[in-house]
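Number of protein chains: 2
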Amino acid sequence: MMDFSFEWIGYVAASLTTLSFLPQAIKTIKTRDTESLSFGMYAMFTAGVLMWLIYGLYIDNYAIIVANAVTFLLAAVILGFKIYNSFKNPN
Amino acid sequence: MMDFSFEWIGYVAASLTTLSFLPQAIKTIKTRDTESLSFGMYAMFTAGVLMWLIYGLYIDNYAIIVANAVTFLLAAVILGFKIYNSFKNPN
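As given, the protein sequences belong to chains R and Y, one line each in that order.
One point on numbering: in my numbering, the residue at position 44 of the first sequence is 44, and numbering is uninterrupted.
One point on numbering: in my numbering, the residue at position 31 of the second sequence is 31, and numbering is uninterrupted.
Worth flagging that the hints you see were computed from the coordinates, not collected in a lab.
Just so you know, not all the hints are guaranteed correct.
[What the hints assert, rightly or not] Restricting the straight-line Cα-Cα distance to at most 16 Å, the calculated cross-link-like pairs of lysine to aspartate or glutamate (EDC-like) are:
id : chain 1 : residue 1 : chain 2 : residue 2
1  : R       : Lys82     : Y       : Glu35
2  : Y       : Lys88     : Y       : Glu35
3  : R       : Lys88     : R       : Glu35
4  : Y       : Lys30     : R       : Glu35
5  : R       : Lys88     : R       : Asp33
6  : R       : Lys82     : R       : Glu35
7  : R       : Lys27     : Y       : Glu35
8  : Y       : Lys82     : Y       : Asp33
9  : Y       : Lys88     : Y       : Asp33
10 : Y       : Lys27     : R       : Glu35
11 : R       : Lys82     : R       : Asp33
12 : Y       : Lys82     : R       : Asp60
13 : R       : Lys30     : Y       : Glu35
14 : Y       : Lys82     : Y       : Glu7
Looking at chain R on its own, in the form it has when it is part of the complex (with noise of 0.2 Å):
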């Protein structure tokens, strides 16, 4: 039972976790900085937003698609970074 004036909270927080990983890529692309980062963090963030794009054309929700295939390819960017810098500056 959903009171539709109080969905708009849902996609607000759907568009700001989705969105939120632009700044994010846009700083790692410009500095090309990655020490901060958490390999693990990407690695498992990456491969849990892949699972939920799978997920999403599995039960065919466009809106899981959508927001999953977004931040898949901004996730998959910043690990990019990460990877390349580890096996630039191993230590």
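The hints should help you fit chain Y onto chain R, whose structure is shown.
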């Protein structure tokens, strides 16, 4: 129409995206380094997860409440370090 033999992928996806903030929080607490973390990301993400939590309480969905309470705590710790460091080393 859901096939419950495939539902596990949603649970694994949710666990991965929720728990992924744990290694980042541990790394940030240990090193106290937040240089390459985006303030915009953590501000948006923490606000978004808080709204997910409110939404979960509103629709009375236990999974959404638990997952977002955990993530909110972890993201808030990281955001707290980012803000603290910005005040300590403004530039």
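Verification of the supplied hints:
{"no.": "1", "hint": "R:Lys82 to Y:Glu35", "in the structure": "holds (14 Å)"}
{"no.": "2", "hint": "Y:Lys88 to Y:Glu35", "in the structure": "holds (12 Å)"}
{"no.": "3", "hint": "R:Lys88 to R:Glu35", "in the structure": "holds (12 Å)"}
{"no.": "4", "hint": "Y:Lys30 to R:Glu35", "in the structure": "holds (13 Å)"}
{"no.": "5", "hint": "R:Lys88 to R:Asp33", "in the structure": "holds (12 Å)"}
{"no.": "6", "hint": "R:Lys82 to R:Glu35", "in the structure": "holds (8 Å)"}
{"no.": "7", "hint": "R:Lys27 to Y:Glu35", "in the structure": "holds (11 Å)"}
{"no.": "8", "hint": "Y:Lys82 to Y:Asp33", "in the structure": "holds (8 Å)"}
{"no.": "9", "hint": "Y:Lys88 to Y:Asp33", "in the structure": "holds (12 Å)"}
{"no.": "10", "hint": "Y:Lys27 to R:Glu35", "in the structure": "holds (11 Å)"}
{"no.": "11", "hint": "R:Lys82 to R:Asp33", "in the structure": "holds (8 Å)"}
{"no.": "12", "hint": "Y:Lys82 to R:Asp60", "in the structure": "violated (38 Å)"}
{"no.": "13", "hint": "R:Lys30 to Y:Glu35", "in the structure": "holds (13 Å)"}
{"no.": "14", "hint": "Y:Lys82 to Y:Glu7", "in the structure": "violated (37 Å)"}
Going through the hint list in order, the structure does not satisfy hints 12, 14.
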